[in-house]
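For the record, the sequence lines run as chains A and B. Taking the working numbering as reference, the numbering of the first sequence is continuous, increasing by one, and the terminal residue is 400. Taking the working numbering as reference, the numbering of the second sequence is continuous, increasing by one, and the terminal residue is 510.
The hints are simulated quantities; they were obtained by calculation from the structure and are not laboratory data. Among the clues, some could well be false.
[Claimed, not checked] Derived list of chain B stretches under chain A, where covered just means 3 residues or more per stretch with a C-beta under 8 Å from a C-beta of chain A:
1. 413-425
2. 439-450
3. 458-472
4. 480-488
[As the list claims (entries may be wrong)] Cβ-Cβ distance ranges computed for the label pairs, FRET-style:
5. Arg-456(B) to Ser-141(A): 20 to 30 Å
6. Arg-190(A) to Thr-472(B): 32 to 42 Å
7. Gly-348(A) to Gln-442(B): 51 to 61 Å
8. Lys-410(B) to Tyr-84(A): 52 to 62 Å
9. Gln-460(B) to Ser-365(A): 53 to 63 Å
10. Glu-423(B) to Thr-250(A): 46 to 56 Å
11. Gln-419(B) to Thr-250(A): 25 to 35 Å
12. Arg-439(B) to Pro-43(A): 47 to 57 Å
Keep in mind it's a predicted model, so treat the numbers as computed, not measured. By construction, the Cβ of each residue, glycine as well, lies at the ideal position given by its N, Cα and C atoms.
These are the residues of each chain, in order.
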Amino acid sequence: MPEALWQGYLRSDGRKGIRNLLLVVYTVQCAQFVAHQVASGEPDTHVIGFPGCYDNEYAIRLLLALARHPNVGAVLAIGLGCEYTQPARIADVVRQSGRPTASFFIQEHGGTTESIAYGKDLLAKLRAEAADVSRVPMGWSDLMVGCECGGSDGTSGLAGNPVVGRFYDWLVDHGGTAIFEETVEMIGLRDQLANRASSVEARRQIEQTYDKAERYCRSVRQYSVSPGNFAGGLTTIEEKSLGAVAKSGTRSIQGVIRVSEQPHGPGLWLMDSVPDETFMQFGYTNPNDTEGIMDLISAGSHIVLFVTGRGSVIGSPIAPLIKVTGNSRTYEKMKGDIDFNAGCVLDGSRTLDEAAYELSQLIASTAAGTPTKPERLGHREYFIMYKHQNTPSLELGCHA
Amino acid sequence: MLVDCFQIDKGDNVATLLQDASEAEELSVRGDALQKLIRTVQPIRAGHKVAVRRIRQDEQIIKYGSVIGVATQPIAQGEWVHLHNCRSLYDTRSSSLDLESGARQETRYA
Numbered sequence: 001m002p003e004a005l006w007q008g009y010l011r012s013d014g015r016k017g018i019r020n021l022l023l024v025v026y027t028v029q030c031a032q033f034v035a036h037q038v039a040s041g042e043p044d045t046h047v048i049g050f051p052g053c054y055d056n057e058y059a060i061r062l063l064l065a066l067a068r069h070p071n072v073g074a075v076l077a078i079g080l081g082c083e084y085t086q087p088a089r090i091a092d093v094v095r096q097s098g099r100p101t102a103s104f105f106i107q108e109h110g111g112t113t114e115s116i117a118y119g120k121d122l123l124a125k126l127r128a129e130a131a132d133v134s135r136v137p138m139g140w141s142d143l144m145v146g147c148e149c150g151g152s153d154g155t156s157g158l159a160g161n162p163v164v165g166r167f168y169d170w171l172v173d174h175g176g177t178a179i180f181e182e183t184v185e186m187i188g189l190r191d192q193l194a195n196r197a198s199s200v201e202a203r204r205q206i207e208q209t210y211d212k213a214e215r216y217c218r219s220v221r222q223y224s225v226s227p228g229n230f231a232g233g234l235t236t237i238e239e240k241s242l243g244a245v246a247k248s249g250t251r252s253i254q255g256v257i258r259v260s261e262q263p264h265g266p267g268l269w270l271m272d273s274v275p276d277e278t279f280m281q282f283g284y285t286n287p288n289d290t291e292g293i294m295d296l297i298s299a300g301s302h303i304v305l306f307v308t309g310r311g312s313v314i315g316s317p318i319a320p321l322i323k324v325t326g327n328s329r330t331y332e333k334m335k336g337d338i339d340f341n342a343g344c345v346l347d348g349s350r351t352l353d354e355a356a357y358e359l360s361q362l363i364a365s366t367a368a369g370t371p372t373k374p375e376r377l378g379h380r381e382y383f384i385m386y387k388h389q390n391t392p393s394l395e396l397g398c399h400a
Numbered sequence: 401m402l403v404d405c406f407q408i409d410k411g412d413n414v415a416t417l418l419q420d421a422s423e424a425e426e427l428s429v430r431g432d433a434l435q436k437l438i439r440t441v442q443p444i445r446a447g448h449k450v451a452v453r454r455i456r457q458d459e460q461i462i463k464y465g466s467v468i469g470v471a472t473q474p475i476a477q478g479e480w481v482h483l484h485n486c487r488s489l490y491d492t493r494s495s496s497l498d499l500e501s502g503a504r505q506e507t508r509y510a
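Please work from the sequences and hints to get the whole structure.
Pasting the structure below:
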């Protein structure tokens with residue numbers, strides 16, 4: 001894979017972004033409509049939010065990590081006025097990160113119409129301030145990529161994930177950072193993962209993370225395998241796991257990070273998004289694909305690769321989603337949505353190396369600013385929910 | 401016309417079909433396996449697995465060179481390998497799912 005070079009956006013914490021987006025963050029479901037109306041018709045403005053009225057440390061950490069993502073240039077936080085999560089506190093943290101920011105409560109500015117008009121005014125000011133950002137060269141060693149799979153079928157483990165795995169190997173060899181997650185889809189692979197640990201400490205982290213995932217699945221009697229997976233030809237969770245882990249490639253694993261935590265250096269990292277045992281028992285792990293994608297973005301992934309077999313039409317806010325399928329028929333059917341067809345590996349028209357090379361070209365061009373298909377279609381699904389993870393203090397835990 | 405299927409690891413006893421196959425159709429096994437031909441004993445859909453050799457009851461089902469489950473009955477070469485004859489070592493519920501849709505049969509909608 002040749003060296004790639006593009007212009008990024010330098011943030012004051014030293015991280016570099018590949019987009020310069022405005023982000024509207026709402027702090028309760030009651031503010032969701034106004035937040036989306038404020039962003040409506042503004043192609044550079046994305047929306048995320050937390051629906052709960054009672055606050056949750058995990059969700060707040062996630063909002064703060066996403067609001068300070070390197071692809072985000074400025075943030076507008078909007079609340080209703082009586083919820084626990086505080087828009088002004090979010091704005092404070094964002095301001096400390098050197099980004100232009102503003103916040104308000106709807107109840108203090110009138111109703112829907114007044115709040116939308118006020119929000120649009122603030123947004124215009126933030127956009128002008130966010131434009132004043134230094135451009136800086138970026139290459140593979142500055143890039144962080146996450147990978148998620150969803151709607152898997154028999155081709156995901158044969159072509160889609162192995163092609164990503166080969167790219168991950170090259171990205172890591174070029175000094176870049178790669179993240180994979182979905183530990184509940186690693187059931188049966190404890191030793192295989194632990195043997196890839198780069199240190200004794202990494203091995204301990206991987207084993208602990210694996211054991212928690214297995215305990216979780218046993219206790220909720222739900223393994224991460226769906227009717228569509230079975231109908232598509234996958235028979236057991238072990239089979240799905242092997243196919244899923246293929247996307248991590250073959251390089252050693254540096255350690256385990258949790259949701260909203262940045263990797264502690266370059267290389268390949270495993271993310272643990274499974275809830276910890278708590279007074280509410282486990283809760284749910286990744287209830288849908290979008291939730292997992294949000295986790296990967298919270299760690300600072302600039303781009304997320306989404307491997308699907310049966311097809312999917314989702315996108316993501318903040319970090320562009322590149323959709324990959326190993327199923328040529330799915331690609332033909334959903335050409336408008338899917339960016340890359342790895343099915344060429346199965347029909348024999350490309351080797352794994354050739355397909356991974358073409359994928360790397362697409363990733364470099366996306367990093368340089370070319371919109372992906374979900375970006376062009378305007379897909380920006382997000383999902384932030386109540387969850388419990390034992391993490392360091394909020395300040396330490398939300399430096400993403 | 402030959403139907404392609406893909407065997408990932410030389411040690412695998414199953415391969416994944418890349419196209420739908422009907423009964424008694426000849427399959428060309430590609431991938432890491434030594435190229436060979438086998439004949440299906442029943443229709444098998446694309447994405448699903450076929451036994452590339454005879455598998456005894458309680459024998460491990462191997463794909464990616466790793467164990468993906470255990471045979472719950474003897475399986476002939478060319479037979480479809482799925483929920484009806486392969487069970488997970490972890491997920492005790494997978495064997496009770498509907499064979500075609502994969503949906504849980506005990507969930508009530510009324």
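Verification of the hints:
Coverage of the stretch 413-425 of chain B by chain A holds in this model, with 3 residues showing a Cβ closer than 8 Å to a Cβ of that chain against a need of three. Three residues within the 8 Å Cβ limit are the bar, and the stretch 439-450 of chain B against chain A gives 5, so the coverage statement holds. Closer than 8 Å: that is the beta-carbon criterion, and the stretch 458-472 of chain B has 7 residues meeting it against chain A, so the requirement of 3 holds. For the stretch 480-488 of chain B, the assignment as covered by chain A holds, since 6 residues bring a beta-carbon within under 8 Å of that chain's beta-carbons and 3 suffice.
Separated by about 51 Å at the C-beta atoms, Arg-456(B) and Ser-141(A) break the suggested range of 20 to 30 Å. Taken as a hint, the range 32 to 42 Å is violated for the pair Arg-190(A) and Thr-472(B), whose Cβ atoms sit roughly 24 Å apart. Between Gly-348(A) and Gln-442(B) the beta carbons are some 26 Å apart, a value that contradicts the proposed interval 51 to 61 Å. Distance hint check for Lys-410(B) and Tyr-84(A): the Cβ-Cβ separation is about 58 Å, which falls inside the suggested range of 52 to 62 Å.
About 44 Å separates the C-beta atoms of Gln-460(B) and Ser-365(A), a value inconsistent with the hinted range of 53 to 63 Å. Checked against the hint of 46 to 56 Å, the pair Glu-423(B) and Thr-250(A) fails, with Cβ atoms roughly 39 Å apart. A hinted range of 25 to 35 Å for the beta carbons of Gln-419(B) and Thr-250(A) is consistent with their spacing of about 29 Å. Between Arg-439(B) and Pro-43(A), the C-beta spacing of about 56 Å keeps the proposed range 47 to 57 Å intact.
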